[in-house]
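Novice: Start from the sequences, fold in the hints, and give me the full structure.
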Amino acid sequence: MIRVENLVKKYGNIVALNNLNCRFEEEKITVILGGSGSGKSTLLRQMTGLERPDRGSVYFDGMDLISANKKNLYQKRKKMGMLFQGSALFNYLNIFENIAFPLREHTKIAENVIKTIVTMKLEMVGLRGTENLMPAQLSGGMTKRVGLARAIVMDPKIIFYDEPTSGLDPISTGVIDKLIKDLNTKLNITSVVVSHDIESCFRIADKIIILFYGDIIAEGTVDEIKNSEDLRVKQFINGEPEGPIPFTRTDKDYLDELLME
Amino acid sequence: MSQPPQFTITTATNITTLCLSGRLDTKGVAAVWQRVTIAVGRAKSPTLIINLGEVDYMDMAGAAFISHLKNLDHNGTAKERSQVNGLKSAYTPLLVLAEKTDIKPAITNHLSPHSFVEQTGKNVADFLYDAKTFISFIGELIFAMVSSLKAPKNIRWGETFLMAERAGVDALPIVGLISFIVGLVMAFQAAIPMKMFGAELYVANLIGIATVRELGPLMTAIVLAGRSASAFAAEIGTMKINEEIDALTVMGMDPVKFLILPRVIALTMVTPLLTIFANLVGILGGAVVILSLGYPLVAYYNQVVNFVTWQDFTGGIIKCFVFGVLIAATGCIRGYQTQMGSSAVGQSTTRAVVSSIVLIAVFDGIFSIMYYYMGV
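In order, the protein sequence lines correspond to chains A and B.
Quick note: the first sequence, position 58, residue 58 per the numbering used here, numbers continuous.
Quick note: the second sequence, position 263, residue 263 per the numbering used here, numbers continuous.
Certain hints may be false.
Unchecked claim - Straight-line alpha carbon distances no greater than 25 Å define the calculated BS3-like cross-link-like pairs of lysine-lysine that follow:
hint, chain 1, residue 1, chain 2, residue 2
1, A, K226, A, K207
2, A, K157, A, K76
3, A, K79, B, K257
4, A, K70, B, K153
5, A, K76, B, K153
6, A, K70, B, K257
7, A, K70, B, K150
8, A, K157, A, K207
9, A, K78, B, K153
10, A, K108, A, K78
11, A, K76, B, K257
12, B, K132, A, K70
13, A, K79, A, K157
14, A, K71, B, K150
15, A, K181, A, K207
16, A, K71, B, K153
17, A, K10, B, K132
To be verified - Label-pair ranges, simulated between beta-carbon atoms:
hint, chain 1, residue 1, chain 2, residue 2, range
18, A, D215, B, P46, 50 to 58 Å
19, B, G294, A, Y92, 48 to 56 Å
20, B, E140, A, D206, 36 to 44 Å
21, B, R166, A, A68, 30 to 38 Å
22, B, E140, A, H106, 18 to 26 Å
To be clear, the hints were calculated from the coordinates, so they are not data collected in a lab.
Quick reminder that beta carbons are idealized off the backbone N, C-alpha and C, glycines included.
Specialist: Below, the structure is given as structure tokens:
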């Protein structure tokens, strides 16, 4: 479905993606794991064409998104859905209008059909009845679900999730995980999830890619990752502060800085 | 409130004894830091004994303070010769933590100030980069405008008219007020010297030509820069921070077409209309002064109409189209450039207003030169 080849992205002197090669299989859930600053969100932004990489290609449905012209890129994007970290609902539109927005802009569907579709999508995420509320009136978990309803309203072939469970309580996390899984199994939607939530990742993933400072350090199924011998992978999935992945500079340097005049 | 810590200093043959008492917390340390440092420094004896027997409480600030005193101005020999006595055992780990710092040249000032040349070069480079973004953005915008003119159906007219209403109709009172007052004040100031020559009716000519050619367009543009450029920057900046612009893009909608084009078209339509209104009201402001000097309105009217040509009027209006594009584009660019963080939207709003006023001034100058050579 998506093939990433030799992708390089630098921000100034910082290499965010270091010659990355990976595949995202059709109708599977692939989770990109990694700590903060490991380049996982950057990878997502290159795959959706929100940013241009310095080098490399992203093949989506056989077309290179990087070299594609604007029209083709926008055409392809109609097959994509994305759930943003902060949900990115339009604050000046109510829930109904937020979800109906892509339909109204991209299609000429009659208003009563739009209403039916929106109601169906809201029912899928368990929020039927909130149509007339404004985004600010919903909790974090609920806005995520509305964001998901909006992402699937055009029946995309692929959905990108940017940290779908960060900042949510355990129950909301469970709900979102179940939704991701359901969308994948019932509607055969390919999913790409960027996350650092190990537990939820193990629950939903068909394949896991672990990024570390712009490099892929591990790739495989849940069991393969769990049994990995790589020390960095072990440290990451067990959440240990000490290990090959450094947390910060030593305490002494910090105190020096604090106390030196 | 607790008392600040007390201290006493006694010096006897090469030994200074410092007794501290009270609470050595952040607040207490701040109160005595300077005085104790000066007193210990003035004593100049190689050995310092710090007696902490009377200290009731100490936190990290206190430990840092003690460590600072021990390392004070003794050229590296102090550490061995200074002693700390009587500290309650509960606070010793704190002091040990603070003691871990060795005396070595401080590595503060990571950001050493740039030299003047360096800073100027950096500023010029930043400015050129900004200008480049600006020009390429304007190019993209003009391209989008032209291609949307080919298919006017694709323009989001609903949004465009909403923007036109907010930027135009809602701005009528403020544009009216400013133009009226400028017209009135200018006429009044001009009338005083003119009266000496008995030529006060020619104030009408002055007001007419100045308003139509310069002040009408300029006042309108500056009001719009303050009202609309800032509003556009804030709206688009907030959407950027909220990832709404990314959301639009991923949904397959071009943010330039969706957000920026309606605003630019709206402002380009509205600026000339507002200017016509400003011209009228400004001239009306001048009329008030002339009337108060005892001339009939018809005299003022004839004077203005006979003096101001259609060329003057059109010249002013053509400028307004350019001002409209500039103001809207600046607002949108600055909004688009918004970085992450809570102060970012405020910064881009400020930058939007400042940049658009600068651009208005620059382009007004360019137009004046152009019109001069064209003989308008």
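Novice: In this structure, is the beta-carbon distance linking E140 (chain B) and H106 (chain A) contained in 18 to 26 Å?
Specialist: 23 Å, holds
Novice: Holds or violated: are the alpha carbons of K79 (chain A) and K257 (chain B) at most 25 Å from each other?
Specialist: Answer holds: K79 (chain A) to K257 (chain B) is near 20 Å, not above 25 Å.
Novice: Within 50 to 58 Å: is that where the Cβ-Cβ distance between D215 (chain A) and P46 (chain B) falls?
Specialist: With a Cβ separation near 56 Å, D215 (chain A) and P46 (chain B) satisfy 50 to 58 Å, so the hint holds.
Novice: Take a quick look at whether K76 (chain A) and K257 (chain B) sit within 25 Å of each other, Cα to Cα.
Specialist: Given that 25 Å is the threshold and the Cα spacing comes to 18 Å, the pair holds.
Novice: Need the status of pair K157 (chain A), K207 (chain A): alpha-carbon distance at most 25 Å?
Specialist: 18 Å, holds
Novice: Going straight from one Cα to the other, do K132 (chain B) and K70 (chain A) come out at no more than 25 Å?
Specialist: 22 Å, holds
Novice: With the threshold set at 25 Å, check whether the alpha-carbon distance from K108 (chain A) to K78 (chain A) stays at or below it.
Specialist: 15 Å, holds
Novice: Are the Cα positions of K70 (chain A) and K257 (chain B) separated by 25 Å at most?
Specialist: Measuring from Cα to Cα gives roughly 13 Å; hence the hint holds.
Novice: Verify the proposed pairing of K76 (chain A) with K153 (chain B), using a straight-line Cα cut of 25 Å.
Specialist: 23 Å, holds
Novice: Does the Cβ distance between E140 (chain B) and D206 (chain A) fall inside 36 to 44 Å?
Specialist: About 41 Å separates the Cβ atoms of E140 (chain B) and D206 (chain A), which means 36 to 44 Å holds.
Novice: Does the alpha-carbon distance linking K71 (chain A) and K150 (chain B) stay inside the 25 Å limit?
Specialist: Answer holds: K71 (chain A) to K150 (chain B) is near 16 Å, not above 25 Å.
Novice: I want to verify a distance hint. Is the separation of the beta carbons of R166 (chain B) and A68 (chain A) within 30 to 38 Å?
Specialist: 36 Å, holds
Violated hints for the displayed structure: none, as all numbered hints are satisfied.
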